[in-house]
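Trainee: Go ahead and model the full structure; you've got the sequences and the hints to work with.
Residue numbers (my numbering), protein chains in the order written: chain A, 1 to 73; chain B, 1001 to 1216.
You may find that some hints are simply not true.
[Claimed, not checked] Pairwise CB distance ranges, derived in the manner of DEER restraints:
| no. | chain 1 | residue 1 | chain 2 | residue 2 | range |
| --- | --- | --- | --- | --- | --- |
| 1 | B | GLU1006 | A | LYS41 | 29 to 39 Å |
| 2 | B | LEU1012 | A | LEU65 | 21 to 31 Å |
| 3 | B | ALA1130 | A | THR21 | 28 to 38 Å |
| 4 | B | GLU1135 | A | GLU25 | 31 to 41 Å |
| 5 | A | GLU25 | B | LYS1011 | 33 to 43 Å |
| 6 | A | GLY62 | B | ASP1134 | 34 to 44 Å |
| 7 | A | LEU65 | B | ASP1128 | 33 to 43 Å |
[To be verified] Stretches of chain A that chain B covers, calculated by requiring three or more beta carbons in the stretch to come under 8 Å of a beta carbon on chain B:
| no. | stretch |
| --- | --- |
| 8 | 31–37 |
| 9 | 45–51 |
Quick caveat, the hints were computed from the structure, so don't treat them as lab data. If you're wondering where the values come from, they're calculated on a predicted model, not measured in any experiment. Beta carbons: idealized from backbone N, C-alpha and C, even for Gly.
In case you want the letters, here they are:
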Amino acid sequence: MAKSVKVNLDLLLLQRKMSLTELSEKVGITMANLSILKRGKGKAIRFSTLLALCEALDCEPGDLLQLEDDEAG
Amino acid sequence: MSPTAEIRLTKLVKRFLDVIWIVLIIGAVAWPIVTLVVGLHIPQDPAERHTDVSVYSGFSIYSAVTDPAVAAGDDPGVLVMRGQGDVLYHNTRGMSAWYLSAAIPEIMGFIFLFGLFQVRKLFSQLVDGAWYADENVPRIRKLGWVVVIFNLVLPLLQYFGGRAVLGDMELGAAGIELYPAFQFNLLGLVTGLAIIILAGVIREAVSIRREQALTI
Chain A
1 MAKSVKVNLD LLLLQRKMSL TELSEKVGIT MANLSILKRG KGKAIRFSTL LALCEALDCE
61 PGDLLQLEDD EAG
Chain B
1001 MSPTAEIRLT KLVKRFLDVI WIVLIIGAVA WPIVTLVVGL HIPQDPAERH TDVSVYSGFS
1061 IYSAVTDPAV AAGDDPGVLV MRGQGDVLYH NTRGMSAWYL SAAIPEIMGF IFLFGLFQVR
1121 KLFSQLVDGA WYADENVPRI RKLGWVVVIF NLVLPLLQYF GGRAVLGDME LGAAGIELYP
1181 AFQFNLLGLV TGLAIIILAG VIREAVSIRR EQALTI
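Mentor: So, in structure tokens, the structure goes:
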């Protein structure tokens, strides 16, 4: 079955009690780009972006990124 | 070249293309009208008919031209000169020749205009900064096909059109041989094919750009 990478931004924001706006200001990434990540529309993520998100959310890359089965697969 | 200079040059080229477009559109509309008007005023009596007809053709000149003794016989003599190109004929016979010789550049003009249309649209996107717009790929591909078709159709029209024109005019003299000719631009044909291939390269660039835009 085909798999894809899911970005658990929603879950982590909820756990850290942080809004998307606050995260955007903390990491210096626009709301639009964070929204792309949140909706799973991103094609790739830079290491620098991943590092900034992990530092802002105080988590590991594995907490943020998760492998999941494609629904359509 | 700096990005600012590139943008300025792009705008300058776009403006130049726009001017050429307007001039050629006016020409494409006016040419058949002028041809028809002049053609309708050509006298019916061949003796009164004096039209200049330009057609791509070949010519061979033999010594019979200058040597009456040779001209009197069947043998045209020694080949003195040979060439081919856009020859201007003083036509006093053919009626169709006038229209045929005008039709050839008109047809080629339409093919050229279609290509120019694609180039203008492409440059409109470039001026707007949309270097990697999806629409650019089919436009570049069409431009390539226009160049290929132009370089295939032109020699065909030159030869067959020229044959019809020369046949209608029935020009001839001792020691002068006229025949249809054509130019085959292999480099132009290969350039067109290269442009079609480049369209594929641009398609990949568009895909990479799209992916980059979604790389956070």
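Trainee: Give a verdict on every hint.
Mentor: Against the structure, the hints come out as follows:
1. GLU1006(B) / LYS41(A): 29 to 39 Å: 32 Å, holds
2. LEU1012(B) / LEU65(A): 21 to 31 Å: 48 Å, violated
3. ALA1130(B) / THR21(A): 28 to 38 Å: Holds - the Cβ-Cβ distance for ALA1130(B) and THR21(A), about 31 Å, lies within 28 to 38 Å.
4. GLU1135(B) / GLU25(A): 31 to 41 Å: At roughly 37 Å between Cβ atoms, GLU25(A) and GLU1135(B) fall inside 31 to 41 Å, so the hint holds.
5. GLU25(A) / LYS1011(B): 33 to 43 Å: 38 Å, holds
6. GLY62(A) / ASP1134(B): 34 to 44 Å: 37 Å, holds
7. LEU65(A) / ASP1128(B): 33 to 43 Å: Once the Cβ atoms are compared, 37 Å apart, the range 33 to 43 Å for ASP1128(B) and LEU65(A) holds.
8. 31–37: Satisfied; 4 residues make the cut.
9. 45–51: Answer holds; 3 residues pass the 8 Å Cβ test.
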